[in-house]
Structure formats: C-alpha cells, structure tokens
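Line by line, the protein sequences are chains G and P. The first sequence lines up with residues 1 to 426 when you count with the UniProt record's numbering. The second sequence lines up with residues 1 to 426 when you count with the UniProt record's numbering.
Any given hint might turn out to be false.
Facing chain P, according to a computed beta carbon distance under 10 Å, are these residues of chain G, among others [stated by the list, open to error]:
| id | residue |
| --- | --- |
| 1 | Thr26 |
| 2 | Ala75 |
| 3 | Thr96 |
| 4 | Ile97 |
| 5 | Asp152 |
| 6 | Pro289 |
| 7 | Phe294 |
| 8 | Met295 |
| 9 | Arg298 |
| 10 | Glu299 |
25 Å max Cα-Cα, derived DMTMM-like pairs, lysine to aspartate or glutamate [stated by the list, open to error]:
| id | chain 1 | residue 1 | chain 2 | residue 2 |
| --- | --- | --- | --- | --- |
| 11 | G | Lys386 | G | Asp404 |
| 12 | P | Lys135 | G | Glu299 |
| 13 | G | Lys145 | P | Glu248 |
| 14 | G | Lys331 | G | Glu410 |
| 15 | G | Lys145 | P | Asp332 |
| 16 | G | Lys144 | P | Glu312 |
| 17 | P | Lys360 | G | Asp210 |
| 18 | P | Lys294 | P | Glu312 |
| 19 | P | Lys133 | G | Glu330 |
Please keep in mind that the hints were generated in silico from the structure rather than gathered at the bench. C-beta: ideal position from N, C-alpha, C; glycine also.
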Amino acid sequence: MNKTIFERGSAGHIRIHVLPTNRFKTFAVSLYAGIPLDSETVTTTALTPFVLRRGTVSYPETIQFREQLELMYGAGFGFDVYKRGNYQIVQIRMDTINDSFVQSQESLLAKTFAFLGEVVTKPVMENNGFRAAYVTTERENVRKKLESIINDKIRYAAERCIEVMFEGDPYRLHPLGQRADLDNITPETLYEAYRNWLRQASLDLYVVGDTTLAEVQELVEKMFDLNRSDTPNYAPAEKNTQPKEVRTVKERLDVNQGKLNLGLRTSITYRDDQYASALLYSGILGSYPHSKLFMNVREKESLAYYAASRYDGHKGLMTIQSGIEIANYEKALRIIREQLDSMRAGDISELEMTQTKAMIRNSLQEMQDSAFEMIAYDFNRVLSGKERPVEDLLAQVEKVTAADVVQAAETFQLDTIYFLTGPKEE
Amino acid sequence: MEAIRYDALQETLYRETMDNGLQVYVLPKPGFQKTYATFSTKYGSIDNRFQVEGQEEISVPDGIAHFLEHKMFEEPEGDIFAKFASQGASANAFTSFDQTVYLFSATENISDNLETLINFVQHPYFTDQNVEKEKGIIGQEIGMYRDNPDWRVYFGLIEAMYKVHPVHIDIAGTVESIGTITKETLYTCYNAFYHPSNMLLFVVGGVDPEEVFRLVRENQAKKDYPPQGTIERKFDPEPSGVNEARRECKLPVSLPKCLFGFKETKLGFSGAELLRRDLATKLALDLLLGASTKLYQKLYDMDLISDSFSHEYNSNPNYAFSAIGGDTKDPDKLLQVITEEIKNVTASGFRAEDFERARKKKIGGYLRMLNSPENIAHEFTRYRFRGGDLFDVLPVYESLSLDEVNARLREHIDWNQLAVSLVVSP
Chain G
1 MNKTIFERGS AGHIRIHVLP TNRFKTFAVS LYAGIPLDSE TVTTTALTPF
51 VLRRGTVSYP ETIQFREQLE LMYGAGFGFD VYKRGNYQIV QIRMDTINDS
101 FVQSQESLLA KTFAFLGEVV TKPVMENNGF RAAYVTTERE NVRKKLESII
151 NDKIRYAAER CIEVMFEGDP YRLHPLGQRA DLDNITPETL YEAYRNWLRQ
201 ASLDLYVVGD TTLAEVQELV EKMFDLNRSD TPNYAPAEKN TQPKEVRTVK
251 ERLDVNQGKL NLGLRTSITY RDDQYASALL YSGILGSYPH SKLFMNVREK
301 ESLAYYAASR YDGHKGLMTI QSGIEIANYE KALRIIREQL DSMRAGDISE
351 LEMTQTKAMI RNSLQEMQDS AFEMIAYDFN RVLSGKERPV EDLLAQVEKV
401 TAADVVQAAE TFQLDTIYFL TGPKEE
Chain P
1 MEAIRYDALQ ETLYRETMDN GLQVYVLPKP GFQKTYATFS TKYGSIDNRF
51 QVEGQEEISV PDGIAHFLEH KMFEEPEGDI FAKFASQGAS ANAFTSFDQT
101 VYLFSATENI SDNLETLINF VQHPYFTDQN VEKEKGIIGQ EIGMYRDNPD
151 WRVYFGLIEA MYKVHPVHID IAGTVESIGT ITKETLYTCY NAFYHPSNML
201 LFVVGGVDPE EVFRLVRENQ AKKDYPPQGT IERKFDPEPS GVNEARRECK
251 LPVSLPKCLF GFKETKLGFS GAELLRRDLA TKLALDLLLG ASTKLYQKLY
301 DMDLISDSFS HEYNSNPNYA FSAIGGDTKD PDKLLQVITE EIKNVTASGF
351 RAEDFERARK KKIGGYLRML NSPENIAHEF TRYRFRGGDL FDVLPVYESL
401 SLDEVNARLR EHIDWNQLAV SLVVSP
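Sequences are here, hints too, so could you generate the full structure?
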C-alpha cells in the first residue's frame, strides 16, 4: 500500500502536518485544539466555536460569513467538540475545492487559510468581549443541544452509562459542557476564556491536498496571529484503575425498546504494545457482524437488532450497546456476559481470528482513501505520543495470537451495567 | 465495454449491459486503496402491488422488500457476513422507497468479494424457520425506529401528505404486516424484482474496468435467467390535496419537532427532465431557506430554529415532496413567519446575485461529494433507476437560469399541498 507520510513543521507555535497528494478534488484542512477536560472550562470551551462561527472582523454578520463560504464554491466549514482520553478537543474543519476544477481567480487554499485564520483569531468584538447577541443566542443553542440528547435514546443511554461509570472523573463531563454553567457566561467572561484557551491549547493543523509544507507554513504565519509563546504537548493517559465492583443502574423513560449498555475498563491504551491485541479482543467480541455479540444476541436468539462493542484506546474504555425488548433484560444481559466470559476462557476460533484481522486490516487500509480519516488517524499519534504508522499497526495486528487476545481479555473488567427501561413495572 | 469521459470532472466511467440485461458500471479511482461495490435492484417499499408481464397481478405485505433484504444474507452454509469477513470485506445493505442496495467495501480479495456479492444476491435461501427467526430481529428494528423522534416526524410528514401512494408506508412495515410474511411471498417478490434486467452493479475504486467486466460476464454466463417481461408497478391515483393538513405524534422530546413540506402535483417526469426539476427545486429551496438567507438568520435570531433546521427534496417519477424544518419551541410561530416570507419571495423572485452564489455552493458541494466512493455509487444508482445520470449534475447546474428556478419555486409552493408533521412531548 502507499505510505502515508505527513510532512511536519510548525509556525507560530502551531504544529503543522501536511500530506501533499492529488488524489482528492479538495483541500482538507483540520485544526485541532485540545485542553484537559475540566469542569471549570468545559462549558466555555464548548461554547467558543459556536460564537466564533457567527462573525469575524471582516464578516461581522453571520450572513456575510456564510456568503463568503458560498463564494468559495461552497467551501465546507464545520466544527466538532468531543472528548479524547482526558482532553476536550475542538476540531474545526474546512474542505475546499481544488482550484483546478473551477474557474477561480485566486488560490482557494489561500482563501481557506485567510478565512480559518480570521475565524480563530479575529472574532467580531463589542466593548471588551464577543458580540453580546451572538453569545446569547449560541448559549441557548448549546443549551438546546444538551437538552436534546434525550431525544435519541441510543445516544442518551450511552451518555448516561459513561456519566455513571466515570462519576468523580472529568471524563464524566459532556464535551458540550454543563447546562448550569451557561447562565453565568457573559460576552466578557467568554472572551477571556477564549483568549486563555487559545494560549494554552495544544494546536495541530492538518492539510491534505495538492499543496506543500512550505506553502502551508507561509499561509499559517501570515493568517494566524496568535501571539503564543509555547507549543504544548498532550500528556499521555494514565493507567485505568480496576473497578471494585459492578454497578447496575436502571432508569425509566417513556420508551418502547429498552437500551442495555455496559461499560468496561482496561489498562490497555493506545500507547501500549498490547493495543493491537485489544483491537482484536473488541473485534471478536462485538465490532462486526461476524462477532460474538451479533451472532449470539441477534442471530441466534433474535433478541436485538443491534448488539455491538466499541473500544476507546485513549481512555482504556470499552462500551457495549444493545436495544432489546424490555422483558428480555435478564436474558440479554446473561448472553452478553457469557460472551465476555467465553473470551476470557479462550473460546476463540482460528476463523474468528482471521476474520477479525481481515476486517481490521480493511478498515485501516481504506482510511487512506479519505483525507479526514487519514488526518484523524495521524492525530492519535499527537494525542498519545506514540508513533504508530498504519503499516506498523497492520503488522502488529497480524502478529496477534489467540493467547494474546486472552491476555488482553483479562484486562477488560466490567464496571457498569446501565439499562434504560420503560415507564411501567415489568 | 464503453468508456464515457467527463473532462470537467477528470473522471472516466465504463459501462456494459450483460446479455441477461444486468447493467454494470465501473468508475476507476487510481490511487485508491478501497473498492466499493453496490448491487442494487429497483425494488423498494413502494412496490407492494405489481404485475410481471404474462403473470397475474399480486399484492404483498408491507415491509416485504426490507424483510427480503435481511433474509438475503442467509445462505445454506450460514451467514454471508462471515464469508465477507474472511475475505476482509465490510458488507451491508439498505432498503429505501424505490430500491434495495447490497454493498461491500474492501481493500483486498476484490474479485472474490465481487463474486460473493453477486452470488449471494442471486441466490435466495428462505426456510420457514429462518423467516420466523427474522421476525424477532425486525420487530426490534421497528421498535427502535418507533422511539426515534426524527424518524417519526419524517414519516409523519409523508403520512400526512399521502393518502393512497405506498410511499407513506413505513419501509420496515409493522410487526403485524411482517407477521404475515412467508417464504413463499418472499420468493414471489424475489423472482419478480431480482431478475438481472431490473438490477445494476456499480464498482468504484482502484480497479481495472476490463477485469471487472470479464468477471461479471463469466459469472453471469454460468447462470440461467430466462428473459423476463416488464414489471408493471401498480399505483392507484393519489388525490390532490393532502391526507391530513397536520399530524401530531407524542414522544418525549426536549423541544417539539416540526417538519412541513409541499406535495408535488405534477408528476410523471423521468430521466434528464426529472434530474433538472430535482436540481432546480433543491437550488430554489436553498435560496429560500439555506443558512445564508435572511429568513434563516431571522428565524435563528427569533430563537425559532437551531442548527437542526434543514430542508430536503425527494423526487421520483410518481411521488415528490419537500421536507423542511427542525426542532422549535413554537411550531405555529415558525410556520407563520416562514409562510409570510415564502409569499414575499415567490412574489418578488430571487436576486441574480444570490442565485449565482447559491449555484456556486451547489457545484462545490457536488464536487466534494465526488471524493466519496460510497456517495458516487449510491447517487449514481439512485439517478440511474430514475432514468437520470449523476454525471450530468454539473452541466445542469451550469445551465440553470434564474427564471427557471423562480418558476420552479412558484410551481412547488402550492398551499393546498402543504402538510405539517409534529412530534411533541406527551
């Protein structure tokens, strides 16, 4: 396969990662800003990009801001706020057409950087803060987003499971912050929080497209006026503590279908040599349609439409989720626990090993066809401090034996069982 | 094998129709790791009454196209997912109103995976027992959607609009309707709609077109498909006006969900004409309701909409409708403000400057979409089944005129054809 090699540099205390390629019709640009998850700053950090996308010095009105994007051939602009390990990450993305497909006078890459630079460093101001009207409406917008989590019961149950499991740990925090904090945020306090955030955050800027590191470095120097004095690194995640006992929490809502979620802790994180074994473990257990959860909970017992596991190597966390008939709670839980036990007991066939390896190989290889997926994979390296090119991980996955998977299985300890059930007594 | 070169897009599409009528298209993407293939039948939830030339007319249970999709994955030797997994492919399928699509994505064993895809879809294996088992799984899938307010508000809108046309029937059917499905009804539908002349294979990725065509030719030559006459899909006339002006559903939600739209009265378009109407309508809706319009900003500032506000247009030769809306604290006020603005805009028409900008945005969005093999395969097939060509989108956007888009808007906005769907908390 092609080697994916990002060229690295920096400018203005922003790390820069560029992958020159002409495989895509666009320039994919992604800025990551990460700070440690903390209840003091989680809400202001979450609110900041919502206000930044309302207006800049050159495009103070939101309509002007959006018209500018449309004039750049409908450049994609978006952002996400999420958790990775113990960090709250704000990711701002742009996706702009490569000039060769359209008749553009000026370089669209230069325009993209001019725009992104403004968004991040030159928000529209009023007195000594952000524009008050933008702060007010975006505060309500974030509040609505937090309140709307309950609308999607699958997501709601997943979030609740994490909150229960990480009580007292910053990881319990929702990446969009805490509703109670919103009322006290003013245009001035938010602006101050934003300045601190820009000073302290680890900043990584990625570009994939028909360009060079030198070109990007020059654009960043010109367009990002940050006044930073440091290029902070991410601190690697600490080892997870083992759960003392399994906690079971049941909550009621007006739902037709029950949502059963399990949370497990593991000491294996992205940095570890055992990382590939943990991927195999989660894969055989529940990441694919050939996995034990799908085969047993769904295909054999017809208990669910979905039953799957997900492993998060940055937190050392595995979650299992399934939607079931409320009356089948005990049975579904028993079958899921049997799958966990069978993994520990080494009930892993040669076929399961080869199938799962092939699936992991496929997902790692196909990432190379998406600019943003390549960027996301490379960001793991920044976040964990562990250099692991795709080719290395592929080789590590190939070497994993069933015995290695059993060894990994021993580190996965059930911590929390969360069940979202209906309003009536069963 | 015929090559069609699209210079402006820097793409070449290859096509060939097999002797049995199967249409095969290949879009090579040099440098891509992945191959993505879809094998689709022009058969979806709306095809519940039909007559194959020379046979009797029949009616089938609601949800059967989707049920059939589930059951295709079972083969005498077991679940086909396992075979794909052994070959490193990620497989899936989905059913919509008017098509059923089987797909895989893989970075290796492409020929084997392509053979597997074609063979499993061309080999039905239904037993009384495996049909019964699936009812439990699909029952849970139906339960999951019943709890999903976004799905409920969307389907509620179609139910409010359509009285007769089967587009208003839930794609998965109901627990009762799927209860009546037997292996015999499945075979009947299979035999009618899975004839190669009703199907399309699309392959995109790092492949050699000639190799793909050779593989498909040899594969099809081994199978015996007697020629099949045309399939006549029977639809009773849909009355003008809407079924219900307003439909409400109770589910726990943080804010009411409000979706409204106009049901098209002029139908029967297909091919290039349908494509042009489709794009003109989408452009008109974007000019009316997009994120850079005054109306959008006004509604946002009035706290009547949030980022969830969106619009879409769905068109087929025998049904077409718009769907507009999102979460709102006050559905009546939202509708009132939008109604006033729509009346103003339909009277005055759009401004030339806004039109040009919106056109650029659409062209950019289209080019960005072409970065994704998945999107190319899905969109190409969708347009093809309606007689259109995905690769004509760019020239159509370039040739649309302001007058045409204004006229399309005026035709689409017919207040007698307006329906509203709400999901509110109990």
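Tell me the hint numbers this structure goes against, listed in increasing order.
Failing hints: none at all.
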